[in-house]
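Q: This is what each chain is made of:
Number of protein chains: 2
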Amino acid sequence: MKKRQLGPCVTFFPQPTTLVSTVSSEGLVDIMTASWAGIVSKTPPTIAVSLNKNRKTYENICQTGNFVVNMVPASLAVEADYCGLRSGRDDDKLMVTGLSTAPAHEVEAPLIEECPLNVECRRVQELELGEYRLVLGEIVQIHAADEAFGENGQIDTRTFDPLVYLGGIREYWNLGNKSADAYRDGKKLFPSEE
Amino acid sequence: MKKRQLGPCVTFFPQPTTLVSTVSSEGLVDIMTASWAGIVSKTPPTIAVSLNKNRKTYENICQTGNFVVNMVPASLAVEADYCGLRSGRDDDKLMVTGLSTAPAHEVEAPLIEECPLNVECRRVQELELGEYRLVLGEIVQIHAADEAFGENGQIDTRTFDPLVYLGGIREYWNLGNKSADAYRDGKKLFPSEE
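In order, the protein sequences belong to chains P and W. Just so you know, the working numbering puts 19 at position 19 of the first sequence, and the rest follows in order with no gaps. Just so you know, the working numbering puts 27 at position 27 of the second sequence, and the rest follows in order with no gaps.
Keep in mind that the hints were calculated from the coordinates and are not lab data. It cannot be assumed that every hint is accurate.
Since copy identity is lost for identical chains, a pair holds within one copy or between any two.
Calculated cross-link-like contacts (lysine to any residue; reagent style SDA-like; alpha-carbon spacing at most 20 Å) [as the list claims (entries may be wrong)]:
#1 Lys187 to Arg55
#2 Lys3 to Gln154
#3 Lys188 to Ala102
#4 Lys178 to Arg158
#5 Lys188 to Cys62
#6 Lys3 to Arg89
#7 Lys56 to Gln141
#8 Lys53 to Leu136
#9 Lys56 to Arg122
#10 Lys188 to Arg170
#11 Lys2 to Thr159
#12 Lys178 to Pro191
#13 Lys42 to Leu127
#14 Lys53 to Arg86
#15 Lys178 to Ala148
#16 Lys187 to Arg170
#17 Lys56 to Leu6
Put together the whole structure using the sequences plus the hints.
A: Structure representation (structure tokens):
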């Protein structure tokens, strides 16, 4: 495959589009779009979110130690993009987007009602990376849209319809089709079964 | 939206499917599937990959300090699943999958030829998370499929066709359609333009 070299830059891998919801010490809710987010450990369940150190969201997390990572459905792409462009210091983003909140169970930060998956987190570690802070949150509770669960308990991905962000080229995409089942389809290549 | 509580667990967000390629101190190449991977800083360009501390890949990175994160196209879903299920201590994964390598420019670890994007990394920091190690790599060179670039330099996402992994429910998906342009479509909601 012929390739060209791009040098050291921030390139794209498919990343989740999330809204991080927090509350300030004065009780004001802020929401911010973050795509540098992902599960990083099972022991214990931990999520990592990278935030610019000047963001209001980072300030709020420093004050409360709590945050919620909300999965953005494809239908909210414009709202999510807006929440990444503006600061909670200037706008009331809930008012502008029309998004609503619900109380979390374990942490001092609200769930975003319209997001089909909400992950309650308590900050446990932090790493300095230039202008960014990689905040590690232990997952303490998860809320998932009830309608996504079938009678057998299986989850229907299309009900969540998660929005995928491609960073380097700055595009939001939805999912297409299932390509394979993990921990199963790869067994076709097991040498012992050849 | 009615929701159910799942407790603290590892849930799914759309994550990239990547193959991490490394070389041991004896010069043996290993490739391993990793989906807990993502860009975490622009200053400098940094990628984070979470690996179980018992993996051969982690051992290799400890020895050389180098690794390459390769984007998996949807056409290689079965090969990628296989590379996550087996250990480089037991199988020659390149031989089983038929994947081939090309030399990197800056690091001691090969590129996977069939992957449309290859990110050369030097380990700069590491974080302990239970059984996992979050390895932070400074991006030193990127190789991207030449055919993905249009005459105006724009990148066509469909040429890359990145495979998305949904962890909690263990499914691989491809991308569907573009939902929005980032840093642009959100401006429709700017209060000053209402």
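Q: I'd like to know which numbered hints this structure contradicts. Please list them from smallest to largest.
A: 3, 5, 6, 7, 12 and 17
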